[in-house]
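**Q** The residues making up each chain are set out below.
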Amino acid sequence: MKRASRLGTLEKSVVQDKNFLYTIISYSVALAIFINLNSFQSPLFGLAASLIYFVINAVFLGNAFFEKEKAFFRAMFGILLLIMLLGFVSWLALIIYNLDATRATFVLMVVATLTSLLNRRMKQKNDLK
Amino acid sequence: MTLSKQEFPQRLRICEILYLFMVAFSFYLLFMSRTGEARTVWEVLHPFFIPSLFVTTFLLLSILSTAEKIPYKLLFVISHSILIHSFFSIIFPAGDSSGQQMVLGRIRLVFDNAVLHGWAPWPMSLPSQVYEWFRGITFQAALSVVFARMLSVDLLWVHLSLVPVLWGAFIPIAAFLTTKALHGNANVAILSSLLISAFPSATYFGAISVSNSLGFIFFFYSLYFMLKNLHSNDSKNRILMLAFSFFSLLSHHLTGIMSLSLLLLVLTFKSYRSERKPSPITAKVTMLISFVFCSSLLPLSFIYLRFFSPATYTVPNTIFTLDKFYELPAEEIVGLFLIGELTYGFDLRTILLFIIGPAIALLWTICHLYNLKRNRNAEFSTYIFLLAAFLIALLDYRILKLFMDDLPISEERLWVFQDFLAVPFVALAIYGVISSIKAFLKAKSPPPISIASLKRFSDCSKAVSKVVVLRVVSLLFTGLLLTLNVLFPLLLASWVTTSLGAAYPQVAPLQTTWYELEAVKYIEENTTEKYVVIGDVWTTFAGEVIVGVNNPRAYYFLEFNRTGYDLFVNMKENPSPQWMLLAMNKTGTDTTVAYFIVSEPRIGTEEYNRIIQQAQQNGVQTYPGGIFYHRGEEKLRIFYYKKSIN
Numbered sequence: 001m002k003r004a005s006r007l008g009t010l011e012k013s014v015v016q017d018k019n020f021l022y023t024i025i026s027y028s029v030a031l032a033i034f035i036n037l038n039s040f041q042s043p044l045f046g047l048a049a050s051l052i053y054f055v056i057n058a059v060f061l062g063n064a065f066f067e068k069e070k071a072f073f074r075a076m077f078g079i080l081l082l083i084m085l086l087g088f089v090s091w092l093a094l095i096i097y098n099l100d101a102t103r104a105t106f107v108l109m110v111v112a113t114l115t116s117l118l119n120r121r122m123k124q125k126n127d128l129k
Numbered sequence: 001m002t003l004s005k006q007e008f009p010q011r012l013r014i015c016e017i018l019y020l021f022m023v024a025f026s027f028y029l030l031f032m033s034r035t036g037e038a039r040t041v042w043e044v045l046h047p048f049f050i051p052s053l054f055v056t057t058f059l060l061l062s063i064l065s066t067a068e069k070i071p072y073k074l075l076f077v078i079s080h081s082i083l084i085h086s087f088f089s090i091i092f093p094a095g096d097s098s099g100q101q102m103v104l105g106r107i108r109l110v111f112d113n114a115v116l117h118g119w120a121p122w123p124m125s126l127p128s129q130v131y132e133w134f135r136g137i138t139f140q141a142a143l144s145v146v147f148a149r150m151l152s153v154d155l156l157w158v159h160l161s162l163v164p165v166l167w168g169a170f171i172p173i174a175a176f177l178t179t180k181a182l183h184g185n186a187n188v189a190i191l192s193s194l195l196i197s198a199f200p201s202a203t204y205f206g207a208i209s210v211s212n213s214l215g216f217i218f219f220f221y222s223l224y225f226m227l228k229n230l231h232s233n234d235s236k237n238r239i240l241m242l243a244f245s246f247f248s249l250l251s252h253h254l255t256g257i258m259s260l261s262l263l264l265l266v267l268t269f270k271s272y273r274s275e276r277k278p279s280p281i282t283a284k285v286t287m288l289i290s291f292v293f294c295s296s297l298l299p300l301s302f303i304y305l306r307f308f309s310p311a312t313y314t315v316p317n318t319i320f321t322l323d324k325f326y327e328l329p330a331e332e333i334v335g336l337f338l339i340g341e342l343t344y345g346f347d348l349r350t351i352l353l354f355i356i357g358p359a360i361a362l363l364w365t366i367c368h369l370y371n372l373k374r375n376r377n378a379e380f381s382t383y384i385f386l387l388a389a390f391l392i393a394l395l396d397y398r399i400l401k402l403f404m405d406d407l408p409i410s411e412e413r414l415w416v417f418q419d420f421l422a423v424p425f426v427a428l429a430i431y432g433v434i435s436s437i438k439a440f441l442k443a444k445s446p447p448p449i450s451i452a453s454l455k456r457f458s459d460c461s462k463a464v465s466k467v468v469v470l471r472v473v474s475l476l477f478t479g480l481l482l483t484l485n486v487l488f489p490l491l492l493a494s495w496v497t498t499s500l501g502a503a504y505p506q507v508a509p510l511q512t513t514w515y516e517l518e519a520v521k522y523i524e525e526n527t528t529e530k531y532v533v534i535g536d537v538w539t540t541f542a543g544e545v546i547v548g549v550n551n552p553r554a555y556y557f558l559e560f561n562r563t564g565y566d567l568f569v570n571m572k573e574n575p576s577p578q579w580m581l582l583a584m585n586k587t588g589t590d591t592t593v594a595y596f597i598v599s600e601p602r603i604g605t606e607e608y609n610r611i612i613q614q615a616q617q618n619g620v621q622t623y624p625g626g627i628f629y630h631r632g633e634e635k636l637r638i639f640y641y642k643k644s645i646n
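Residue numbers (our numbering), protein chains in the order written: chain A, 1 to 129; chain B, 1 to 646.
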């Protein structure tokens, strides 16, 4: 029960995104992925960074579209929507130019911005209801 | 016999821990089965794997029948689902030798930054360019490459695990949600999330990383949001329904067109409800016309596809035809109509495994709708919609199979739609049967008689015999109920496990071997100049895994390229530098080295030895370190020729 409530608190804190804290963390993680890709090339570091990126942005998206669903479904839908958004923005980058390390990082930044904006906009809408 | 409140979770936790252990053990056995040279997974699968999977599935079914929380149950189903979709990725070094290696060959170009200035890399007209953008491979390339960059791992690992993991994680949830939207019972829904693994076509597509598989995932979610949209006007549902349909189109045109068909069907159903009362006949006729139109969208799309395909492709000349009715005997036509491709040389067990799910779904739906007819409510229209969608999938398969020729894809891909649409009905049917039998047994069972009450009657001899009989009957019914609780999970576990025999091919050509992959890697690591490789289609597949196709730096001809094929045949018949020089000129770049790869298992020992001998006579040298052995026998040899630059 304690673990569940701790996860709930974390989710709430991410959704609140006070002073854009989690959005900035998302950007930092994207930057860290870029540095890792160009220098260390460590899959372990990549996995850890990707996990943080996924958790933050999936929570944003999950709450934006599935606020009324149970936590598990909210998380799963959030992940699925994030995968779709990542795929879509990467697809745009690919058909326009290419998807090298720099553009892949740019894609991560764009997705982080979009999810953060969506989270804020939908939160405002949901609060009004 | 009832368990105390404390005892129940304790036993459940033990069961869950045992289940998790069995999943881990099954994964371990799968890794133990990993091999570098095999045709099918069945050749090398560890003998304990299938029994272990059976026990795992049985334990899972037992957990699913308890009062455990739904998210936990779904997590257990997801772990099971990932396990049974990972056979190819774990056992073979480069996955299944099918479309997925061809897809990887193209994605590799994006990953290695060989494609600049936008996709597609070759010049073409605007409609063809748009066609290329919306081909599933472009979306899959984008997704795989961005994941590989995020994780900082080689593209091969992301590519091999992309679909098994996404399918394993999201398809059970989609099945759960769709069934819940249909019926509302969480127990039925959770059963359907596992039962989708009992459908061989769905399992196969969940095991190979092709864009069509990604499309199926998005299609299933679009179907769920369509069902939700049927009874609500929530804008979020509408947006999500359209978003998932768009992504199913972006992933593959087959799934996209199918989503579009069902979207139109949803709109018709909604307008039918509003028009039914003022003009019932018009509403019914519109509904019928719409159904016919939705069914014809997919077959028509194949005809019009050629207008968008680039001229450089050899586009199939898809046509509507009655040729099959003239050419084939009547019994074959009937066979094709009823069971499709299964008519040709499949054993009875395989046929049963493929058709049992859809057959149960169809029969049960018809019976259930007949009962629901008297009480038309929201559930009724959801059933009708899902049945209509199921019929569209059944109908389209028969149109494609019997009335069309030269299709760009195999018609059997439509079976996956049938499976998705059938699984909620199958779960409902099974749950209905189990509940009915249990209710019957409970109703007929005499009230339980305790030992204490037996003692009270001990003075009266007549009463004693009656009570003893009642107690025996009561025990018999309890025993029957317990047997049922064990029997059904056993039967379902057998079904899921056996269906894998039909999902994963029993016969296949030799998969890409470790020595073919090593040969390609060896060339790549030891060549600084631009090079071209002449080889058979299997060499090309191996090349696709490591460097991609048509890579200007490391050139492998496309799988079914005529020039590449002719060069290989010429080299095989008469290995000489002349063909290697010609290959260098065909790359379109300043290629200076050519390699020729021959593999003994692909061409036979006699031919292999002849080629080696003749190559030596003709002055084609073996590449230093370019001989590969497997279990002490020579299996592969690389020859090379370097252009002398004056």
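Treat the hints with care, since some could be wrong.
Non-contacting residues of chain B with respect to chain A, defined by C-beta distances greater than 10 angstroms in every case (computed) [to be verified]:
#1 Leu116
#2 Ala141
#3 Ile289
#4 Glu327
#5 Leu352
#6 Asn609
Partner residues aside, some chain A positions facing chain B, computed with beta carbon under 7 angstroms [stated by the list, open to error]:
#7 Leu51
#8 Ala75
#9 Met76
Computed footprint of chain A on chain B, listed as stretches where at least three residues anywhere in the stretch have a Cβ under 8 angstroms from a Cβ of chain A [stated by the list, open to error]:
#10 67–74
#11 97–108
#12 501–514
#13 528–539
#14 588–595
Since the hints were made in silico from the structure, they are not lab data. C-beta atoms are modelled at their ideal positions from N, C-alpha and C, and glycine is treated no differently.
**Q** It remains to establish, for every hint, whether it holds in the given structure.
**A** The hints, checked one at a time:
{"no.": "1", "hint": "Leu116", "in the structure": "5 angstroms, violated"}
{"no.": "2", "hint": "Ala141", "in the structure": "6 angstroms, violated"}
{"no.": "3", "hint": "Ile289", "in the structure": "33 angstroms, holds"}
{"no.": "4", "hint": "Glu327", "in the structure": "43 angstroms, holds"}
{"no.": "5", "hint": "Leu352", "in the structure": "34 angstroms, holds"}
{"no.": "6", "hint": "Asn609", "in the structure": "43 angstroms, holds"}
{"no.": "7", "hint": "Leu51", "in the structure": "10 angstroms, violated"}
{"no.": "8", "hint": "Ala75", "in the structure": "9 angstroms, violated"}
{"no.": "9", "hint": "Met76", "in the structure": "6 angstroms, holds"}
{"no.": "10", "hint": "67–74", "in the structure": "holds (count 3)"}
{"no.": "11", "hint": "97–108", "in the structure": "violated (count 0)"}
{"no.": "12", "hint": "501–514", "in the structure": "violated (count 0)"}
{"no.": "13", "hint": "528–539", "in the structure": "violated (count 0)"}
{"no.": "14", "hint": "588–595", "in the structure": "violated (count 0)"}
Of the numbered hints given earlier, the model fails hints 1, 2, 7, 8, 11, 12, 13, 14; all others are met.
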